[in-house]
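Colleague: Residue numbers (this note's numbering), protein chains in the order written: chain A, 1 to 374; chain B, 1 to 374.
Hints are computed from structural coordinates only; laboratory data are not their basis.
Don't be surprised by glycine CBs; every beta carbon is placed ideally from N, CA and C.
There may be inaccurate statements among the hints.
In silico lysine-lysine, BS3-like type, Cα no more than 30 Å apart, as pairs [to be verified]:
1) B:LYS18 with A:LYS243
2) B:LYS133 with A:LYS20
3) B:LYS215 with A:LYS133
4) A:LYS268 with A:LYS232
5) B:LYS232 with A:LYS133
6) B:LYS133 with A:LYS243
7) A:LYS135 with B:LYS215
8) B:LYS241 with A:LYS134
9) B:LYS241 with A:LYS135
10) B:LYS18 with A:LYS252
11) B:LYS3 with A:LYS241
12) A:LYS134 with B:LYS18
13) A:LYS243 with B:LYS328
14) B:LYS232 with A:LYS268
15) A:LYS243 with B:LYS25
16) B:LYS232 with B:LYS25
These stretches of chain B come out as covered by chain A in the derived footprint (C-beta under 8 Å, 3 or more residues) [unchecked claim]:
17) 17-29
18) 35-43
19) 108-117
20) 134-145
21) 234-248
22) 310-316
Listed below are several chain A residues computed to face chain B (Cβ distance under 10 Å; list not exhaustive) [stated by the list, open to error]:
23) THR12
24) SER14
25) VAL26
26) GLY33
27) ALA35
28) VAL103
29) VAL111
30) LEU116
31) ALA122
32) ASN239
33) ALA280
Number of protein chains: 2
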Amino acid sequence: QEKKFQASLSSTISFVQKNKDEIRKVIHAIKVGIALVLVSLVYFVDTFYKEVGDDNAMWAIMTVVVIFEFHAGATLSKGLYRGAGTVVGGGLGGLAAILGQLVGGIGNPVVVGVSLFIFGGAATYVRLNPDIKKKYDYGVMISILTFNLVSVSGLGGESVIEIARERFLMIVLGFAICICISFFVFPMWASDELHDSTASKFEGLASSIEGCVEKYFNDKENQSARPIASFKGCVSVLNSKAKDESLLKFAKWEPPHGKFGLSHPWEKYQKIGETLRELAATILSLEGSVNSPGESLQALKESIREPCEAAGSSLARALSELGESIMKMRRCQPGASIAPKLKVARQELSQAMSPFKLGKLDNAEGFAIACFVF
Amino acid sequence: QEKKFQASLSSTISFVQKNKDEIRKVIHAIKVGIALVLVSLVYFVDTFYKEVGDDNAMWAIMTVVVIFEFHAGATLSKGLYRGAGTVVGGGLGGLAAILGQLVGGIGNPVVVGVSLFIFGGAATYVRLNPDIKKKYDYGVMISILTFNLVSVSGLGGESVIEIARERFLMIVLGFAICICISFFVFPMWASDELHDSTASKFEGLASSIEGCVEKYFNDKENQSARPIASFKGCVSVLNSKAKDESLLKFAKWEPPHGKFGLSHPWEKYQKIGETLRELAATILSLEGSVNSPGESLQALKESIREPCEAAGSSLARALSELGESIMKMRRCQPGASIAPKLKVARQELSQAMSPFKLGKLDNAEGFAIACFVF
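Construct the complete structure from the given sequences, taking the supplied hints into account.
Modeller: This is the structure in structure tokens:
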């Protein structure tokens, strides 16, 4: 009986490890479902007690749907930007509405319309600035929306301040529900994902380098045995810029947790990513020249085979060691263990092919040594 | 008098050409301002005639703020996805609300809550799929929101179908305003931008190649005279993937206009972009090896100087010719004019440095020749 239980337990564990990404997605979907039901409950209760006017409770629902993102940091930042946008837009919109009501009569819609045109146009122009678009796009959009809704609702003669207050309360309520569920129920940290993906990039590049050296020195026949799958890792590193940047943006918002302290050096992930992307580009172009036909004399190839292979493998080992040390967050001794080996390999390489072929692996190494500088 | 007018006219024209991007942004901001005022006018008129219930007119405003994007194609696609999401979410939400009302009593909120949990969770899971996220993210989000609002509003005993109908009408109204202004008042076509940026990439890479060759053969002193600004073009080509993809996505939505026919081969822009990015990576790594110190003997360098320079300049000329032909959309004669020159340059290059250095410019050329295949 116990054995059977253990077997099923271990098979469950292996299933979980295999489908980690899928399970994370399912958990996120369930979390969103719970948040939606909770916030609808608020709406439902309110229709009986009429604490909050008319359709204002709707804003809590809208907030939950719009700001609940996969990563905890993304949810937090989107919610805060939404809140800030609402405050700014609502405040200015309220001013415009009150100004319009003071003027009164036919002047009211004119004042509101003109202020709407000016604020909407100016905010839209600001939104198009790439720097602002990157960070504050959502907040600016919400401020335009709130400005418009608040200023216009004053035209009907309703109490603008009351409406703004209730809507803001509802948005805060929706935000609170999102944050509680996102942070305390199986949180998905962008920081974890960024950290793991950075560490695994080293591994991918290491195997690419090994594959490249192997491909160069093996015959055409053997080559087909091992496909160029290893270069996919290179390409994916090369194209990782956008994803890394968004993860970094969210990771900065996340509170300290687990192995990440308060002043975790998030900026360095960006630098490492840049360097690895350059290295990936070098490896890819190296692969391109390995492929170019009729290139090298066989004898020449043989003469440089050994140092090249040695350099390639020590480079690959250095990379995977670095990746592992990042993954486990322990300091590796670049001075003590890795750098000298690389230097020796480089010297051997230079001696073996000083007049020709130089500047080939050199280059990849240059980047790898640059890796030590951070 | 006339001369003065002409002078001011020409200075205006040169100002416009210099600040083209800024002026486009300002025009877009004014367009958004007009759309906001127009849609608020609807809201304003409605508060007197009470055609549309309560806060439903608000949805027109929200639609305009959210879907009005810079490019015409982006506005159209976002609007259509919003419409589709509203119809799907509203239809299913209405069903859930009616089902709840049929059950009645305490069963009503339970039915609505359960269906909300299931629909919200399932749609959120679907949204996390990368392929769906790329294309339909916004539509799915809107369908969750509409489902939630419609199904929950049935709990208050209001007529669900009436609410859904009015809100949908308001969304269509907002959509119509956006499309009219976006398409007929100084339209910003994503297709134009994609076309121009693709053509100008050729020019940038051509100047990078020239700069690279020049840098390699010039002395250290002369080098500082010409900064490495030309490589910025390379880096920007390398990082252009995300922007190109979004432009391509929008360009496909745009109706035929100007020089772009109904079946314009948009897919090819993607292929050209891929090839140019590979070429940019090659040039960058070439630049890296040019930089590596103490590399080449001066005599050797001189011996290959002429063919290298010839190859570099013919490559650059070929690239800028290709770029120009794309820009002006006339067919260039690759067989007749460009390819033979490149072949000659390549042969000279091979002869000059057959045993060593081979596979350096070779590679960049290989890509350039691959450019002809499309």
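Colleague: Each hint should be assessed against the structure and marked as holding or not.
Modeller: Quick rundown of the hints versus the structure:
no., hint, result
1, B:LYS18 with A:LYS243, "33 Å, violated"
2, B:LYS133 with A:LYS20, "19 Å, holds"
3, B:LYS215 with A:LYS133, "37 Å, violated"
4, A:LYS268 with A:LYS232, "25 Å, holds"
5, B:LYS232 with A:LYS133, "22 Å, holds"
6, B:LYS133 with A:LYS243, "14 Å, holds"
7, A:LYS135 with B:LYS215, "38 Å, violated"
8, B:LYS241 with A:LYS134, "16 Å, holds"
9, B:LYS241 with A:LYS135, "20 Å, holds"
10, B:LYS18 with A:LYS252, "38 Å, violated"
11, B:LYS3 with A:LYS241, "53 Å, violated"
12, A:LYS134 with B:LYS18, "25 Å, holds"
13, A:LYS243 with B:LYS328, "35 Å, violated"
14, B:LYS232 with A:LYS268, "22 Å, holds"
15, A:LYS243 with B:LYS25, "27 Å, holds"
16, B:LYS232 with B:LYS25, "24 Å, holds"
17, 17-29, "holds (count 4)"
18, 35-43, "holds (count 5)"
19, 108-117, "holds (count 5)"
20, 134-145, "holds (count 3)"
21, 234-248, "holds (count 4)"
22, 310-316, "violated (count 0)"
23, THR12, "21 Å, violated"
24, SER14, "23 Å, violated"
25, VAL26, "6 Å, holds"
26, GLY33, "4 Å, holds"
27, ALA35, "8 Å, holds"
28, VAL103, "15 Å, violated"
29, VAL111, "12 Å, violated"
30, LEU116, "5 Å, holds"
31, ALA122, "7 Å, holds"
32, ASN239, "6 Å, holds"
33, ALA280, "9 Å, holds"
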